[in-house]
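**Student:** Given next are the chains, with one letter for each unit.
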Amino acid sequence: MSTPYAKLPAWADYGLIPLINLSVAFIVAGFVVMLVGENPLRAAVILVEGAFGKGTGIAFTLFYATTFIFTGLSVAVAAHCGLFNIGTEGQAYIAGLGIAIVCLSFDSTLPWWLTFPLAIVASALVGALWALIPAYLQAKRGSHIVITTIMFNFIAASIMVYLLVGPLKPAGSQAPQTRNFLAGAELPKLNWIIELFGAKIRSAPLNISFLLALAMAFLVWLLIWRTKLGYEMRTYGHSPKAARYAGISETRIIITAMMISGALAGMMALNPVMGDQHNVAIDFVSGAGFVGIAVALMGRLHPVGIVLAAMLFGMLYQGGAELAFEMPAISRDMIVIIQGLVILFAGALEHMFRPYIQALFASFSPKSVGMQAVNGKGA
Amino acid sequence: MAQAAIELIGINKSFGAVRANRDINLEIARGTIHGIVGENGAGKSTLMSILYGFYQADSGEIRVGGKPASIKTPNDAIALGIGMVHQHFMLVDNFSVLENIILGAENDALLKSSIAKARSELERLEREYGLEVDPDAIIEELPVGLQQRVEILKALYRGAEILILDEPTGVLTPAEADHLFRILRQLKEQGKTVVLITHKLREIMAITDTVSVMRQGTMVATRETGKTTVEELAELMVGRRVLLRVEKGEAAAGGVKLAIKNLTVRDSRGVTMVDDISFDVRAGEIVGIAGVAGNGQSELLEAVSGIRRAVSGSVMLDGKPIDLTGNADPGELRDRGLAHVPEDRHHVGLVLAFEENENSILGYHDDPRYLRGPFLNIDAIMADASDKIEKYDIRPGNPRLKTANFSGGNQQKIVLAREIEQDPGVLIVGQPTRGVDVGAIEFIHKRLIAMRDQGKAVLVVSVELDEIRSLSDRILVMFAGRIVGERGPDATEGELGLLMAGVEHQEAAL
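Chains B and Y supply the protein sequences, listed in that same order.
Just so we're aligned, residue 1 is where the first sequence starts under this note's numbering, counting upward by one.
Just so we're aligned, residue 1 is where the second sequence starts under this note's numbering, counting upward by one.
If you are wondering where the hints come from, they were derived from the structure by calculation, not from laboratory data.
It should be emphasised that the depicted structure is a prediction, and the values quoted were computed from it without experimental measurement.
Take the hints with a grain of salt, since some may be wrong.
[What the hints assert, rightly or not] As a list, the in silico BS3-like pairs of lysine-lysine whose alpha-carbon atoms are at most 27 Å apart: (1) B:K200 to B:K54; (2) Y:K188 to Y:K227; (3) B:K228 to Y:K402; (4) B:K228 to B:K241; (5) Y:K200 to Y:K227; (6) Y:K200 to Y:K188; (7) B:K228 to Y:K391; (8) Y:K248 to Y:K446; (9) Y:K402 to B:K241.
Whole structure, please, built from the sequences with the hints as guidance.
**Tutor:** Structure representation (structure tokens):
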């Protein structure tokens, strides 16, 4: 009798509920738009058209989505092991250092297709090592990972500021960033794929790391649901006691999961650094690590869900920029409010409408909620 | 018959499509002790929750003292004179008895007058019903038997005429249970009505006047206790004949498989829970450890299975030492043929969020049979899970179903199947049938005896004395972290009960 509501069919669980949550978020956001005296419908049209209407918009949307896929996967891997990695932001930021070293060393001598694998390894390694310290402290000292990863975000930021205004800055430059990379460290664009479908693209930063992100999404799925390591991570994530019983080492599993999480966070840096700006600049992560938390939650910690949620946030970023441009009354901050509402309804309040929908399903079609199996079988 | 204290007429309650209560009619006579028995999930708790205002019935009528009553919240129930003593006590641990009694019944912002009034009222109640408790004692310092008394006093203080007790003896020693029964009889003599929910048929026979049996949400029978038997009630509960005591032959004990010497274990607060214990378990015998919950049995199991680090002592498995004080690893012990069915299957033995097949390899996920390189061999795991489902009659027989959706008995079968099918030399089992329905108990007991007959060493820890007596070839009694006695399977309940209560000199007591 502990669970009065049984589970929903998958399509409702993964399709209907997120859709309802999103709709509510947009309706509330619509009221906000009305408050500043604009037409919410027109705003919605501008937002969607800005994100998907033109080839350039689509390319930008996918570029942002790439970043969020990496950070979303990073948060999800840790979450499957019961760890809340809030340090994705810092792990991605400090990984920029690894990329900078590789790119600044080899961009004049190696072609991009040799620099890229080196940079992948460097970014993943630096990200993983940055996650290793909080993981070690959690596993061995019991220092709470939420606290330590937050603090490590600040440490990473301070180190990067020091490096970018000092050692990594070219002499005589006024900007807090590395010198621009040469062609050997520039990732090829993927805009031609969109152009295949007949859309025109002026200039957009969508690059090959999008494909890397999709590959990582697949690998994460493989890791979590198909490998022994993933099985152990999930066991620990659901019940540390059961993991202890099963002979899974707490230290090993925490450190492994956090290092994989950190590596995924680190790879995020490839997209803006090598794919777009072609330098490492101050604050190039700009909150993508935190968006990753929302993306992971909204994607229900499943790689497919994370890719879709990342697309949604990519759309909000790109469409939001267009909206701020088209409607002067809607400032950049208003866009952040709309994004916040999406996070609130889709992430934090995810279960708000669930009981009603479950009750609705149960009353219309008991079979669809799989209840007859439980009946008469005892608790 | 006396006037009915409570009448339930045509009560229905569904959770979604699950009909937890269907068409329940029940009449509880004033001034009697009325037992309600049924397996887990039969709907007893739902029915009582409706009566106490936790749930609303979908249809049906409740009459209290002959008048139709609308009970929407527990406060309504209290106002009608219905009190409930929950299975898990609803007490604030660091409050005094008096503070707990007035909690929720404080009359003004300043507690002074309430406390003074409560103190005199409490003294009256204690005198009247023989429920002595020090009003100023702190709850967490009281033994569970007294904590339960506080719960009863709490209900009486609120003017309860009808007292519902949900599985009240689960945490008590036999002596404490006897005391509770004396209190209940006294309450009855004073004209109170007692409703006792339990799955222990012996208690029903010992104390109730009338007994109602529930099965799968329906009320299948109501009997006068004097005119029924344990066998009849068990059959009514399960719907078929059950063996309450599994037949077993003589043990053919062989060499020592598991030897525990001077084992000492502390809990996380540093309190010594297992105090210098030594015993052996031989091949082909079942050793049962009896004791009231909390006397170190859990820590003993955890230490021997490698989950909890021991402070000192040595353990030999098949004549070779295990380092339980250093880095004992449950996985390594498993490899050496020691399987463990833990007491807490919900948090330790199973991952409830996993599919059944995933749980069927928990702890054995390193076994190359289930792996293909670093990957899980899903085909092999599924085949293996289906095989176990068949062999152990696990229902529903779907290895993809989430483990939380299985009943307690079937969950326990999942754990047992996993551990027994690895063919271990030593099997240690904590609470083999806790929260398991009567039908599955029989099955589980047969399996454990079959293990013994195959020459395995089996160590069983249980707080159910009946279970220990029916399974064990040798019974060890634990009290306050020590083994206070060893008895054969023919030991009487009274004898074991005294040992469990820590009475050292059994000759004097008998």
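**Student:** Each hint should be assessed against the structure and marked as holding or not.
**Tutor:** Quick rundown of the hints versus the structure:
1. B:K200 to B:K54: 7 Å, holds
2. Y:K188 to Y:K227: 20 Å, holds
3. B:K228 to Y:K402: Holds, at roughly 19 Å.
4. B:K228 to B:K241: Judged against 27 Å, a Cα distance of about 18 Å means the pair holds.
5. Y:K200 to Y:K227: 18 Å, holds
6. Y:K200 to Y:K188: Cα-Cα ~20 Å, so holds.
7. B:K228 to Y:K391: 26 Å, holds
8. Y:K248 to Y:K446: 9 Å, holds
9. Y:K402 to B:K241: At roughly 19 Å apart (the allowed maximum being 27 Å), K241 of chain B and K402 of chain Y satisfy the hint.
Every hint, counting from the list given before, is met by this structure.
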